[in-house]
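Student: Spelled out from the first residue to the last, the chains are:
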Amino acid sequence: MSYEPKIVGFLCNWCSYTGADLAGTSRIQYPANVRIIRVMCSARIDPTFVMDALAQGADGVLICGCHPGDCHYSEGNYKAMRRFPLLKNLLKSYGIEDDRVRQAWVSASEGQRFADIVGDMTERVRALGPSRVHSTLLADQRER
Amino acid sequence: MAIRINPKLVTAIAKYGAEDVQKCYHCGNCSAVCLHADETFNFPRKPMRLLQMGLEKRIEASLDPWLCYYCGQCSTQCPRGAEPGETMMSLRRWLTARYDFTGISRLFYQSWKAELAAILIMAVLTAAGFLLYGFSYGDLRVYDGPGAFLPSSAVHIFDWAMAIVLVLLLGSNAARMWWLTTGSNKKIKFDFWLYVKKLYTLPLHFFTQKRYADCESRQPWKLHLWLMLSYVTMLVLIMFFLEPMQAGPDIRWSVHALGYAAALGLLVTVVYAIHGRVKKSEVHMKHSHESDWIFLFMLVLVTVSGVLQHVLHRAGTDMAANIAYVVHLALVVPMLTLEVPFSKWSHLAYRPLAMYLAEIHRVALPQPKALTEPAELMKMAS
Amino acid sequence: MKVGVFIVRSQQDDGINLQAIANYVANLPKVEKVRILEREPRLKSEKLAAEIRSESLQRIVLAGCSPGYFKPVFARAMAMAGGDPEEVRLASFREHGAATVDATERAKAIVACAVCGVPFPLAAEPKSTSVNPATLIIGGGVAGIQAALEIADGGKRVVLVERTGTIGGHMAMFDKTFPTLDCAACILTPKMVAVGDHDMIELLTNAEVREVTGKPGDYKVKVLKKARCVDLEACVACNACSDICPVSVLSEFDSKLSHRKAIYIPFPQAVPNVYLVDPETCTYILTEGKKCGACLKKCPKECINLKEKDQVVEFAVGNIIVATGYDLFDAKRIERYGYGKYPNVLTSLEFERITNASGPTGGKIVLKSKKLNKRTKVEEWVADPEAVAPKSVAIIHCVGSRDENYNPYCSRVCCMYSLKFAHLVREKLPEATCYEFYIDMRAFGKGYEEFMERIKAEGTHIIRGRTAQVSEVNGQLVVKGEDLLLSRVIELPADMVILAVGVVPAAGTLELAKMLGVPRDDDGWFSELNYNASPTHTERGDIFVAGMCQGPKDIPDTVAQASAVAAGVLRTIACGRGTNDLSTLSLSDIESRAAQIEAHSTQVR
Amino acid sequence: MDELKIGVYVCNCGTNIAHIVNAEGVKEAAAALPDVVIARSYRYMCSNPGQEMIVKDIQELGLNRVVVAACSPRMHERTFRNACKTGGLNPYLFEMANIREQCSWVHADKLAATEKAKALTHGAVNRVRHHEPLDSLTAEMCPSTLVLGGGIAGMTAALELAMAGHPVYLVEKADHLGGNLARVDSTAPYLDSARDLLTERITHLRENPDISIMLNSQLKSLSGFIGNFSATIETNGGPNPPERKVIPVGNVVVATGYKEFDASRITHYGYGKLPDVITSFEFEQMMRAGRIQTKSGKPPQYVAIIHCVGSRNQEFHGYCSRVCCMTALKYANEIKSALPDSYVSDVYIDMHAFGKGCEDFYKKSSEIKTLFLMYGKNESPVIRKAGPNDDCGMLIEVDEKLSGERIEIPADLVILMVGMEARPDAGEVARLVNISADKDGWFIESHPKLDPVATTTDGIYIAGTCAAPKDIPDSVAQARAAAGRILAKIAKGKIEIDGVFAEINEDRCSGCRMCNELCPYSAIEFYADKKRSHVIPAACKACGACVAACPSGAIKGRHFTDQQIYAQIEGVLA
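Protein chains in written order, with my numbering: chain E, 55 to 198; chain Z, 7 to 388; chain H, 1210 to 1814; chain G, -17 to 556.
These are calculated hints, taken from the structure and not from any lab test. Incorrect hints may appear among the rest.
Below, a sample of chain E positions facing chain G; criterion: calculated Cβ distance under 8 Å [said to hold, decoys possible]:
hint, residue
1, Y57
2, K60
3, A74
4, T79
5, I90
6, I99
7, D100
8, D106
9, A112
10, Y127
11, S128
12, K146
DSBU-like, lysine-lysine: derived pairs with alpha carbons at most 35 Å apart [what the hints assert, rightly or not]:
hint, chain 1, residue 1, chain 2, residue 2
13, G, K280, H, K1541
14, G, K345, Z, K286
15, H, K1424, G, K474
16, H, K1518, H, K1507
17, G, K345, H, K1400
18, Z, K119, G, K345
19, G, K476, H, K1336
20, Z, K14, G, K421
21, H, K1253, G, K421
22, H, K1256, G, K346
23, G, K346, Z, K285
24, G, K476, Z, K119
25, Z, K21, G, K346
26, Z, K204, H, K1518
27, Z, K21, G, K367
28, G, K421, H, K1637
29, G, K383, Z, K195
30, G, K367, Z, K193
31, G, K346, Z, K119
32, H, K1242, G, K474
From the three backbone atoms N, C-alpha and C, an ideal C-beta is built for every residue, glycine too.
Please build the complete structure, drawing on both the sequences and the hints.
Tutor: Quick look at the structure:
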């Protein structure tokens, strides 16, 4: 059986999670590789979550929040947005490929968009092959 | 250099008929629906704007009002009930008054009483004149031949005299129109050959009024054309064939056939017009200025009296025919002398002239090409 | 104090006997002179001043339907005569609702108050009534939803009656909302869900109010619950029934741009999230159970009952909130725009659906295309996501609005949503050109003007001038109108034309108005009690209006009104006192009250 | 705490889940997980038998954690939480795995879907282990309200609240009530009397025992949170020294209104230099005095009204002031009424006649022969003195857009329609009550569409023109809306605070105050004495921004703790 990447998706409760539900109610198909974890706001997503997910063996991590300006908490998604580049740098320093971690904005009415994003991401990650982070990171931790 | 606006004009123009012009909030619908408005002559909205702002000089200089034949589309579709059609009509009245150097026209349009009085006086004078002539040179019991009360020869001379006066009056006003709209326009330099080349448009529009035919409904054009041809026929008959016309008592089909046709045309169209204006059956008949009524009724009376004197003469009752003739003349003379140069009838000259000048403008003025490309649009806008 | 009363005749005051009023007023104490002015009187301050001096009047009362116009000329006269111009008082019949029941009596009362220099609302305060704590809300649009939540959050019971199968109203159909461009679903659906599972809200969808009797504070309501044929509790919205249903008709929710089944759910996020059966098209119902019934067999929870009958429920409420919203102006009425003739001349709502991410095209802006309906064998113009995108889009403002031949009033929202459309077009089809034909750009709200500037900057051609007509020149739609700023008549090609249709009172407004005894204004919207002082109260006690049904409004204003109404309701419940109908007050009541107030009045200014 | 007993319930949702996901498989997988004492699958967990199943198990097997793998929590989380409650279990000890909307409905591959369902369930089980029983707190709701501003909005809000029998403190800076409305003679578009409106409101206010009107007063400070504010009001009544009063209030309505634009800022209008160029408010005074006249005392023959003075102009204010257009039409009518022989020119950009009855008013105004002249945005008419042989005092030069002509408008009196702008002290007020103002100084609502009167700070509401320009009906509606919110809160008596909020571990907090800045609801206050931050549960909306940001990990986002999420991650990836 071909390699199936595991992707963890952190979705904000108000827009993205609802959007994912809409994909469901509208029966829009997308790869089963993503496992969704609901948080109240994209601002809640601590970079360490992402690191942890990768450490636990995720091949990719998807972060979704409301479109800029739509945040239920008025500006949470901006905070997430500002935080993301830092995370990216961190990941680079670990030698983790850029495509493995992605941030996207999905509104409550964009079921299709969510499906597309997941589909696209799955392909990219599949192309990258299994993540080595799991092992390497564990090694680091052992040294510490 | 900025021009001073004159808020008072709107109130003044009301006398000429335009009462709703101020209602216009400038959506541009009228200009867009008008089939005669084009790149050079954009109306009725633009003239309405000039009117609202009281820019008399600009209005004087514009031919727009004459290019409108009042099909009424603009008025029916106007979202504010601003009656663009009627406003153009009123502007034509106002312009007529402006072209007329004697100021009589202005007087007539602003007070129908004055116009009526003038007509009466003129009628009385004419009647008196012809009676005097008749009694001193002829016999009331004789209609034609020797000793006729009003011999065609005499009347004929009078016709021509009057015609010349009219042409002079109308001509001078037409000249003023040319000067105000074209002659004084710096942008249009005088080009004799152009004027000659375009000359054909004058008779063309006078006799066919083809632009009228372009309006939404052709019905008004047909009627108007019929009316016009009828009195042109009548005019020709009177100016050139008065003698055989008047001779009798037996019918001379050569001329009379035409005469009958013309008389019929006049009667039918005029009665139709009156009926329409009373019933307000059509858009362009909704609003009637006093001058319209006076004109129409004069026309009816003239036609009827004319027919009457003819019938009486054929019936052999010469005396009655003569009296009818005097009455007829007492109506014709004031109508022609007053209506043609100073009132509604003057448009028979101004309209074709406007068409003619419009042609000149189109050639002489730089032609903006039709806007269909957004790019150009943006260029223009910026 | 010597008072002179001038009564102004006007077109509106049919049904009001001015002479009777004059006679009545003449007998009031203090009134020195009464005069009826003819229609559109030509008044001169100089003359009036002389009159005032000769009669040595200290107060002038101007009575009439809306006599406000003449106040300045009298004020000037008063000043000339050395009196106090502030003592020119208005007795406006329209302002205080004398268009309703026995107008003349009301008018008398209004004048009486003015004569005493007492504002009518002060003197005319109906007795308070006891209040049933339950509230009826008619209409489940954003106004109804907002009001319902506010009141229910206050711990008071609400019955929300909605005519269609789901709450959400028009807003649920929209894609984005101006000027913030946040998606309507994102902000509305949470509120809809909240309404759906609020303990204090009883939701009656697919239902209509049929009868309202009783009096303020205690209204008896009859509601017709149309057969939904699906068990509200049991249905899990699994779509099995809809999948099997052979009947396919054009979806109202997608403004007929896509298909739905005879058993359907208006849209995926509907509340209640339960299917319903359309009796007009369901084969089983039409054939009285002889044919079809496929869904019955298919439903895993056996929660479909196609034999279900409509039923009437009765209950009592204290307050009633009317939030029936609006319908769109029927664009077919303006033939020269070719709506219904040319498939790609769309109404604004149709475009909302096309551009909506959860709409028939998944948010792709495309031209309509012909599709054969397999069942009916007729070709229908529908929005197909695969169809071609327009290269040019023209948006026409004020369709049916600001036009005496149709609706004289301004619909208030079209300018802004048109700008929003322009933005969406430019955003989704950067190549496409986009025109707006407007008369006045009414960007009056918070952040609206800035929004307009933004749209301009995005490169939309904003043309001042009303489009005269849309025609088809060998297959190409052409829009003709005058560009007033260039003063040129222009003809522009447009693949898609969007008509920014205005709004009209919702169907059935007239009947409802009769049922409730709430008057309507000349344009058919519900009349508020007082334009300035009480924009959400009505002539009837404890009946309120909120949102579009009172007059065109955008979402923030609608929501504000809805909350305002909630305040009115919560207040009456909190203090246990509602307000009775104004009509319960007799002339003498008001008269004496006015006199009282004047006696120990605290003069303002 | 005693050892974990987790119950897992897998819903088939008829065939909705079962036709793709092998529910039995998911059940067995779950059953194999540690601490799981019972795992069941059932056709419809949401149905009554389904729920009863849970209740029964809690009571009989003593479950202390419950997981349901079914549809989206947005659909049935509430249902199952209630089931737990009835079973005697704290509802927060429940977790849901979404294996319908986000699994069976979006995947065709049965195997993959089943695997995913297992993973999601595993995640839920892991997460639920770390759940803690949470109880919603309650706080007192003080029934009295503070209303800032005695204009039409403030007065209306105050009345609405007081008539419901709740005490209200109406604080007004000036020495009289009425605000800007008190300067107006009549109102557009129906030309009703503004004075009557005012008299009615003020009389009611004075008669109402529950309202204490505080004139010449200002808010000096506000502390506390919703339901429990304490406000310090300073009153300086003329000679005697200012006195301070501290009042406890539950909610605050900010209705501080606007100030008019200062016309002298636009030089080319010559306001202040040309005697007969006046502002709209100066004209209102003329109206009230019944004397429309030039400085020389003569009634003007030509009057010009200029719109958008200071509004819709990038140099001054970009926004539209919303009321000036109709007010201008009102003036046109008033002038024509008082001086029938005068000529009124109305110089506008766009005619904003959008309200009820406004378009009709616009038309009526043109029927009385008002001359409407259009000028371009950001272009400005120039007013200059007329020459000796002009029949007018001034000439206004402007590019008229609808004719394309550059024209001179004769005028003896020019009225400048000055726009609205935020009061100079708006920033100060915003700071005091802890709300924010936008670039123009208008207060920001919590949501421009669906929450126009609330702010990001619970218990603080805005109404009327302090939020943005507005006409009277809209201000009144907003004022009532604000009152409505407050009435609802008071009606409940106590404020329910959901158990889910952030809390700060004071031992860990370094007092860096990063979170204070971050919180959009300013729910985090700083104890200067202890150098520690502290979350006000009543104000916290549990977004978790602070939790993620806290450098010392001192903040715990209840029900979304790091522990719980780490566990869930581990679960979904296992």
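Student: Each of the hints needs a verdict: does it hold here or not?
Tutor: Structure-based check of each hint:
1. Y57: Check failed: Cβ of Y57/E comes no nearer than 13 Å to chain G, outside 8 Å.
2. K60: Because about 6 Å separates K60/E from the closest Cβ in chain G, which is inside the 8 Å limit, the hint holds.
3. A74: 5 Å, holds
4. T79: At 6 Å from the nearest chain G Cβ, T79/E passes the 8 Å test, so the hint holds.
5. I90: With a closest approach of 6 Å, the I90/E hint holds.
6. I99: 6 Å, holds
7. D100: Hint on D100/E: holds, closest Cβ of chain G at ~4 Å, below 8 Å.
8. D106: 6 Å, holds
9. A112: Holds, because the Cβ-Cβ distance from A112/E to chain G comes to roughly 6 Å (cut-off 8 Å).
10. Y127: 4 Å, holds
11. S128: 5 Å, holds
12. K146: The hint is violated - K146/E has no Cβ within 8 Å of chain G, the shortest such distance being about 21 Å.
13. K280/G x K1541/H: 55 Å, violated
14. K345/G x K286/Z: The hint holds at about 25 Å.
15. K1424/H x K474/G: 28 Å, holds
16. K1518/H x K1507/H: 21 Å, holds
17. K345/G x K1400/H: Roughly 40 Å between the alpha carbons, so the hint for K345/G and K1400/H is violated.
18. K119/Z x K345/G: 34 Å, holds
19. K476/G x K1336/H: Since the Cα atoms of K476/G and K1336/H sit roughly 32 Å apart, the hinted pair holds (cutoff 35 Å).
20. K14/Z x K421/G: 45 Å, violated
21. K1253/H x K421/G: Violated, at about 49 Å.
22. K1256/H x K346/G: 25 Å, holds
23. K346/G x K285/Z: Given that 35 Å is the threshold and the Cα spacing comes to 28 Å, the pair holds.
24. K476/G x K119/Z: 85 Å, violated
25. K21/Z x K346/G: 21 Å, holds
26. K204/Z x K1518/H: 81 Å, violated
27. K21/Z x K367/G: 33 Å, holds
28. K421/G x K1637/H: 30 Å, holds
29. K383/G x K195/Z: Answer holds: K383/G to K195/Z is near 29 Å, not above 35 Å.
30. K367/G x K193/Z: 33 Å, holds
31. K346/G x K119/Z: 32 Å, holds
32. K1242/H x K474/G: 57 Å, violated
When the structure is compared with the earlier hints, violations turn up for hints 1, 12, 13, 17, 20, 21, 24, 26 and 32 and for no others.
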